[in-house]
Amino acid sequence: MPPDCDRRLEPELLSGYLDGELFQAEEQRVRIHLEDCAVCRQALAELRQMREATMSTRFEPVPDEQWRETPKGPASRLLRGSGWVLFVLWLIVVGGYAAFQLITAPESLWEKLLVVGGLSAVVLLFLSVLLDRLHDARSDRYKGVKR
Amino acid sequence: MDNDDGSLLVRALTGDPSAQENLVRRYRVVAYNTALQLVGNREDALDIAHEAMVRFLRALGRIDGSRPLRPWVYQIVRNLVRDRCRRQALRQAESLETLLAEGAFEPTDAGLDPEAQAIRRDLQRRLSAALASLTEQQREIVVLRDYQDLSYQEIAQVLAIPRGTVMSRLHGARMRLREILHDSGALGSSPVTGGSDAARL
Numbered sequence: 000m001p002p003d004c005d006r007r008l009e010p011e012l013l014s015g016y017l018d019g020e021l022f023q024a025e026e027q028r029v030r031i032h033l034e035d036c037a038v039c040r041q042a043l044a045e046l047r048q049m050r051e052a053t054m055s056t057r058f059e060p061v062p063d064e065q066w067r068e069t070p071k072g073p074a075s076r077l078l079r080g081s082g083w084v085l086f087v088l089w090l091i092v093v094g095g096y097a098a099f100q101l102i103t104a105p106e107s108l109w110e111k112l113l114v115v116g117g118l119s120a121v122v123l124l125f126l127s128v129l130l131d132r133l134h135d136a137r138s139d140r141y142k143g144v145k146r
Numbered sequence: 000m001d002n003d004d005g006s007l008l009v010r011a012l013t014g015d016p017s018a019q020e021n022l023v024r025r026y027r028v029v030a031y032n033t034a035l036q037l038v039g040n041r042e043d044a045l046d047i048a049h050e051a052m053v054r055f056l057r058a059l060g061r062i063d064g065s066r067p068l069r070p071w072v073y074q075i076v077r078n079l080v081r082d083r084c085r086r087q088a089l090r091q092a093e094s095l096e097t098l099l100a101e102g103a104f105e106p107t108d109a110g111l112d113p114e115a116q117a118i119r120r121d122l123q124r125r126l127s128a129a130l131a132s133l134t135e136q137q138r139e140i141v142v143l144r145d146y147q148d149l150s151y152q153e154i155a156q157v158l159a160i161p162r163g164t165v166m167s168r169l170h171g172a173r174m175r176l177r178e179i180l181h182d183s184g185a186l187g188s189s190p191v192t193g194g195s196d197a198a199r200l
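Residue numbers (numbering that gives the first Met the number 0), protein chains in the order written: chain D, 0 to 146; chain R, 0 to 200.
Hints were generated in silico from the structure; no laboratory data involved.
Just so it is clear, the structure is predicted and the values come from calculations on it, not from any experiment.
Yeah, the Cβ is synthetic: ideal placement off N, Cα and C, and Gly gets one too.
Be aware that one or more of the hints could be misleading.
Computed from the model, here is a short list of chain D residues facing chain R with C-beta under 7 Å [unchecked claim]:
no., residue
1, Gly19
2, Gln23
3, Ala97
Cβ pair distances, simulated, as ranges [said to hold, decoys possible]:
no., chain 1, residue 1, chain 2, residue 2, range
4, R, Leu12, D, Leu77, 31 to 37 Å
5, R, Leu12, D, Gly117, 48 to 54 Å
6, R, Ser6, D, Gly80, 19 to 25 Å
7, R, Ser17, D, Leu90, 45 to 51 Å
8, R, Asn78, D, His134, 37 to 43 Å
9, D, His134, R, Arg61, 30 to 36 Å
10, D, Leu78, R, Arg57, 21 to 27 Å
11, D, Ala98, R, Ile62, 23 to 29 Å
12, D, Glu64, R, Leu12, 28 to 34 Å
13, D, Leu108, R, Arg24, 55 to 61 Å
14, D, Gln65, R, Asn78, 19 to 25 Å
15, R, Ile62, D, Leu90, 41 to 47 Å
16, R, Glu42, D, Leu123, 42 to 48 Å
To give a feel for the contact side, a few chain R residues facing chain D, derived at Cβ under 7 Å [claimed, not checked]:
no., residue
17, Arg61
18, Gln136
19, Leu169
20, Arg177
Please build the complete structure, drawing on both the sequences and the hints.
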C-alpha cells in the first residue's frame with residue numbers, strides 16, 4: 000500500500016494536475032507542494048506511468064464480418080423484396096408445371112427419379128438461402144431505424 | 000465538434016447513406032471498446048455497440064450539431080451498459096482476465112525499446128485486469144478519462160455530474176488502481192526521490 004501525504008493538499012488536485020485540468024492558482028499550489036513532498040511526487044510519477052500505459056493500450060479490432068451492415072435505402076429494400084416475391088411465384092408456377100409434366104411423361108421411373116433428385120438438390124439449396132435471409136431479416140438490429 | 004464529424008453529420012442529416020455509414024463505422028469501434036472495458040466480455044460488448052449504433056441513427060435528426068458527438072456516443076453506451084447490468088448478471092466467465100490472455104488488448108508503442116515495451120505491456124495487462132476490481136462508477140470514469148481521453152468537461156456531460164466530482168471520483172478510482180498495482184508488485188519499484196518530477200511538469 001502506498002504511503003499517504005499528511006500535508007494540506009486536496010488529494011484530487013494531483014489528478015487534475017496530471018491531466019492539465021486545474022485553474023492557474025490550483026496548479027501553482029500543487030507545484031509548490033510537490034517541491035517538498037516526496038510522497039506526492041511519487042504518487043504523481045506513478046499516476047503518470049499508469050496513464051501512459053492506459054493511453055497506449057490498443058484494442059484488438061472486431062473482424063468486419065461481426066459487424067452487420069447498416070440498412071439499405073427504402074428503394075433498394077422495395078426492389079429486393081419485390082424480386083424475391085416474383086421469384087417465389089415464378090418458382091411455384093414453373094415448378095408445378097414441371098411436376099405435372101414429369102408425372103404425366105412416358106419415361107421410366109428410374110429416369111424420373113434422376114430428374115427429381117437433381118431438382119430436389121437445387122430446391123433444398125434455394126430453401127437454405129431463403130431461410131438464412133428470413134432469419135437475418137428477423138434478427139436485423141437496424142430494422143427499427145428510419146432512413 | 001470534429002470537422003470530419005461536422006461535415007459527415009451535415010451530409011447524414013440530408014439523408015446521405017454513405018455519410019451515415021461512415022459515422023456508424025467510426026463510432027461503433029469507440030462504442031465497442033468502451034463497452035468491452037465496462038462489461039468485460041466481447042459478446043455483450045458487441046451487442047451493446049450494435050444497439051448503441053441503432054440509437055445513434057435513430058436520434059441523428061435530434062442532434063445538436065454544435066456539440067461534439069463523442070460524449071453523446073459514450074452516454075448511449077453507458078446507459079446501455081447500466082440497463083444490461085440491471086437486467087441480467089453479466090457473463091463474467093469471459094472476464095477481463097480472459098480477454099487479456101487472448102490478447103484483446105494490445106499495447107502499441109513502437110517508440111519504446113523491447114524491455115520498456117515488456118514493462119509497459121505488463122502494466123497495461125495488470126491495469127486492465129485491475130479495472131474489474133473497481134466499482135462500476137470508478138470503472139466508467141477511468142475508462143472515459145484514461146482510455147478514451149475525454150476531458151473533465153466531457154466526462155461531466157456524459158455522467159451528468161459536476162466537474163469537481165469528476166476530479167475527485169477519478170482520483171479515488173486511480174488511487175484504488177494504484178493500490179492494487181502496488182499490492183501486485185507492478186508499481187513502486189523505482190521510487191522518486193528528487194524534485195525533478197515537479198519541475199518536469
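Going through the hints against the structure:
1. For Gly19 (chain D), the interface hint is violated, since its Cβ never comes within 7 Å of a Cβ in chain R; the closest pair sits about 9 Å apart.
2. Interface hint status for Gln23 (chain D): violated, as the beta-carbon distance to the closest one in chain R is roughly 14 Å, over 7 Å.
3. For Ala97 (chain D), the suggested interface contact is broken, since its CB lies about 41 Å from the closest CB of chain R, more than 7 Å.
4. Restraint check, Leu12 (chain R) to Leu77 (chain D): a C-beta distance of roughly 23 Å breaks the suggested window 31 to 37 Å.
5. Restraint check, Leu12 (chain R) to Gly117 (chain D): a C-beta distance of roughly 53 Å satisfies the suggested window 48 to 54 Å.
6. At roughly 33 Å, the beta-carbon separation of Ser6 (chain R) and Gly80 (chain D) lies outside the given 19 to 25 Å, and the hint is violated.
7. In this structure the hint that Ser17 (chain R) and Leu90 (chain D) lie 45 to 51 Å apart at CB is violated, the actual value being about 35 Å.
8. In this structure the hint that Asn78 (chain R) and His134 (chain D) lie 37 to 43 Å apart at CB is violated, the actual value being about 29 Å.
9. A beta carbon spacing of about 32 Å between His134 (chain D) and Arg61 (chain R) agrees with the range 30 to 36 Å that was offered as a hint.
10. Roughly 24 Å separates the CB atoms of Leu78 (chain D) and Arg57 (chain R), a value that falls within the hinted 21 to 27 Å.
11. With their beta carbons about 56 Å apart, Ala98 (chain D) and Ile62 (chain R) fall outside the hinted range of 23 to 29 Å.
12. For the pair Glu64 (chain D) and Leu12 (chain R), the supplied restraint of 28 to 34 Å holds, since their beta-carbon distance comes to about 30 Å.
13. Judged by the Cβ atoms, the range 55 to 61 Å given for Leu108 (chain D) and Arg24 (chain R) holds: they are separated by roughly 57 Å.
14. Separated by about 23 Å at the C-beta atoms, Gln65 (chain D) and Asn78 (chain R) satisfy the suggested range of 19 to 25 Å.
15. Take Ile62 (chain R) and Leu90 (chain D): their Cβ atoms lie about 45 Å apart, and the range 41 to 47 Å holds.
16. Here the CB-CB span from Glu42 (chain R) to Leu123 (chain D) is close to 32 Å, at odds with the stated 42 to 48 Å.
17. A cut of 7 Å between beta carbons decides the hint on Arg61 (chain R): the least distance to chain D is about 12 Å, and the hint is violated.
18. For Gln136 (chain R), the shortest C-beta to C-beta distance to chain D is roughly 15 Å, which exceeds 7 Å, and the interface hint is violated.
19. At about 5 Å, the closest approach between the beta carbon of Leu169 (chain R) and any beta carbon in chain D falls short of 7 Å, and the interface hint on this residue holds.
20. For Arg177 (chain R), the interface hint holds, the least distance from its beta-carbon to any beta-carbon of chain D being 6 Å, beneath 7 Å.
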